[in-house]
Amino acid sequence: MTVGRGVAVEVAGVGKTFLLPHGHRTTFKEYFLHPFHRTAYERQQALSDITFDIAEGEFFGIVGPNGSGKSTLLKVLAGIYRQDAGTVRVNGVLSPFIELGVGFNMELTARDNILINGTLLGLTRRQINDRFDEIVAFGELERFVDQKLKNFSSGMQVRLAYSVAIQVDFDILLLDEVLAVGDQEFQKRCFETLAEIRRAGKTIVFVSHDLGAIKEHCDRAMLLLNGSIQAMGDPEDVLAHYDALMHRDAVGPI
Amino acid sequence: MLAVIATAEFKLKYTGSVLGYAWSVLKPLALFTLLYLVFGRVFNLNELSPYYAVSLLVGIVLYSFFADATMLGLISIVTRDSLIRKIAFPRIIITTSVTLTAGMTLLINITVVGAFLAYKQITPQLDWLLIPLLLVELYAFTLGVSLILAALFVRLRDLQQVWELALQLFFYASPILYPIGFLPPWAQKLAFLNPFTQVMQDIRALLFYPDVASNRITAAGAFGGLGRVVPIAIAIGTLVVGYVYFRRQEPWFAERA
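Sequences listed follow chains Z and B, in order.
For the first sequence, the numbering used here assigns the number 2 to the initial residue and increments by one for each residue that follows.
For the second sequence, the numbering used here assigns the number 3 to the initial residue and increments by one for each residue that follows.
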């Protein structure tokens with residue numbers, strides 16, 4: 002870790018288990034028929050003993066196959082899930098983009114949606130009003146502000162969502178594959194804004210299957226497998242480890 | 003944040019409908035007309051008091067608020083599961099905002115009651131200034147119930163059917179369409195344990211001051227002395243219990259909703 006920088010995110014011994022019920026007992030009948038009978042659960046250990054730090058200003062990548070716990074980890078960092086074990090400390094304002102356009106409603110106008118989405122992302126009404134023109138201009142949506150969102154093309158919706166998202170004032174940004182949705186041009190613009198964010202000394206935690214992007218942009222990376230950290234450090238090394246792991250799996254157990 | 007979401011919910015509620023916001027007035031009015039014809043005219047409850055009709059309207063408007071708010075509150079968390087899984091913010095905002103949406107409808111309906119009062123040539127009194135306070139008490143009780151229901155519904159999905167039924171019972175158990183004087187004194191006390199009944203009767207007693215005494219029975223009259231604080235304490239207690247229970251369940255909404 003770089004000397005002289007503070008710690009943005011501190012994760013120590015974090016574990017998360019989901020109880021996946023077999024035929025979830027959510028109706029009264031089930032409660033009354035078998036009041037003392039406990040529902041059979043399958044325990045799924047999504048994360049176990051995760052410990053790592055992210056320094057301020059670091060671009061930190063997380064890779065791993067599907068179901069390895071990447072999204073669960075981001076949701077624990079974002080405070081959406083509560084971990085069962087360990088501690089998470091976040092220094093600064095953390096802004097999660099688990100998905101672009103949270104709270105978008107197709108029946109409302111772009112104007113209303115900017116207000117709702119911006120509010121959910123932590124902007125005040127005044128900030129949204131002040132930055133409204135900028136948001137609309139960035140998305141090139143001036144002509145459509147008062148149209149219902151259902152009349153927007155999916156590309157326009159993504160542009161609108163991204164335009165709002167980049168207006169949020171944060172210290173730490175969590176990105177979960179959100180950039181995979183747009184076209185080439187859009188992705189290019191996204192990475193340009195990410196570079197700006199980095200120059201401003203902000204921290205970015207980036208989950209992606211785009212290994213090229215991880216290699217190109219990240220200072221450090223972490224490999225998750227079955228909820229545990231398999232490798233951490235220089236992105237090249239971590240990706241090599243990931244590659245070897247996938248290759249071994251492809252060949253099959255020896 | 004609360005205001006933004008409550009306003010959006012209000013806009014959404016009537017989007018695409020021809021009559022729009024008018025529905026929030028038309029629905030209680032339609033229920034009122036129906037019940038007035040059946041109970042006021044056919045069963046002649048009308049003859050007991052010149053204020054039967056407008057008194058019934060007050061009851062229905064308040065009940066519609068309670069029923070709408072708690073029903074919207076109950077489903078508020080479960081129906082927004084996708085939102086809850088993507089962003090962390092105090093979940094209590096969701097449930098509070100939908101009850102506020104119902105509150106906006108109540109305010110519109112109160113203007114209709116105002117028109118009826120003017121038609122009946124009832125002169126406003128200074129003590130009517132207490133009515134907003136009573137509405138705040140009713141809101142506190144309603145929010146408390148909604149918070150309990152919203153958090154419970156995440157675990158118990160039968161609750162929606164049960165609550166719909168409970169609201170029907172609530173309607174007939176409360177002296178909305180029959181005068182409270184119909185009940186024997188012990189049943190009146192029981193009815194006044196419900197903060198809704200206390201608020202409704204207090205408001206009626208304030209609005210229809212020339213009405214017959216048996217229609218103006220309030221919790222203060224039924225319990226006497228300090229007993230009048232009992233339903234108020236129940237309303238505040240419900241809000242506290244609702245808040246504490248909701249906050250304790252909140253960390254698990256994202257994985258269970």
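Honestly, I wouldn't trust all of these hints.
[Claimed, not checked] With a straight-line cut-off of 30 Å between C-alpha atoms, the simulated DSBU-like cross-links for lysine-lysine are:
hint, chain 1, residue 1, chain 2, residue 2
1, Z, Lys149, B, Lys122
2, B, Lys191, Z, Lys149
3, B, Lys13, B, Lys29
4, B, Lys122, Z, Lys151
5, Z, Lys189, Z, Lys151
[As the list claims (entries may be wrong)] Covered by chain B, per the in silico footprint, the following chain Z stretches (three or more residues, Cβ under 8 Å):
hint, region
6, 74-86
7, 95-108
8, 155-166
Hints in this document: simulated from the structure, not taken from any laboratory.
Small disclaimer: the values here were computed from a predicted structure and weren't measured.
C-beta atoms are modelled at their ideal positions from N, C-alpha and C, and glycine is treated no differently.
Checked hints:
1. Of the pairs offered as hints, the one joining Z/Lys149 and B/Lys122 is violated, with about 44 Å between alpha carbons and a cut-off of 30 Å exceeded.
2. Simply put, B/Lys191 and Z/Lys149 have alpha-carbon atoms about 52 Å apart, too far for the 30 Å limit, and the pair is violated.
3. The suggested pairing of B/Lys13 with B/Lys29 holds, with an alpha-carbon distance near 17 Å, which does not exceed 30 Å.
4. Taking the CA atoms of B/Lys122 and Z/Lys151, the gap is near 47 Å; set against the 30 Å cutoff, the hint is violated.
5. A C-alpha spacing of about 26 Å is found between Z/Lys189 and Z/Lys151, which places the hinted pair at or below 30 Å, so the restraint holds.
6. Counting residues of the region 74-86 of chain Z whose CB lies closer than 8 Å to any CB of chain B gives 6, which reaches the minimum of 3, so the coverage claim holds.
7. Counting residues of the region 95-108 of chain Z whose beta-carbon sits less than 8 Å from any beta-carbon of chain B gives 7, enough to reach three: the coverage restraint holds.
8. Taking a C-beta to C-beta cut-off of 8 Å, the region 155-166 of chain Z contributes 0 residues in contact with chain B, too few for the three needed, and the coverage statement is violated.
Of the hints listed earlier, those the structure fails to meet are numbers 1, 2, 4, 8, in rising order.
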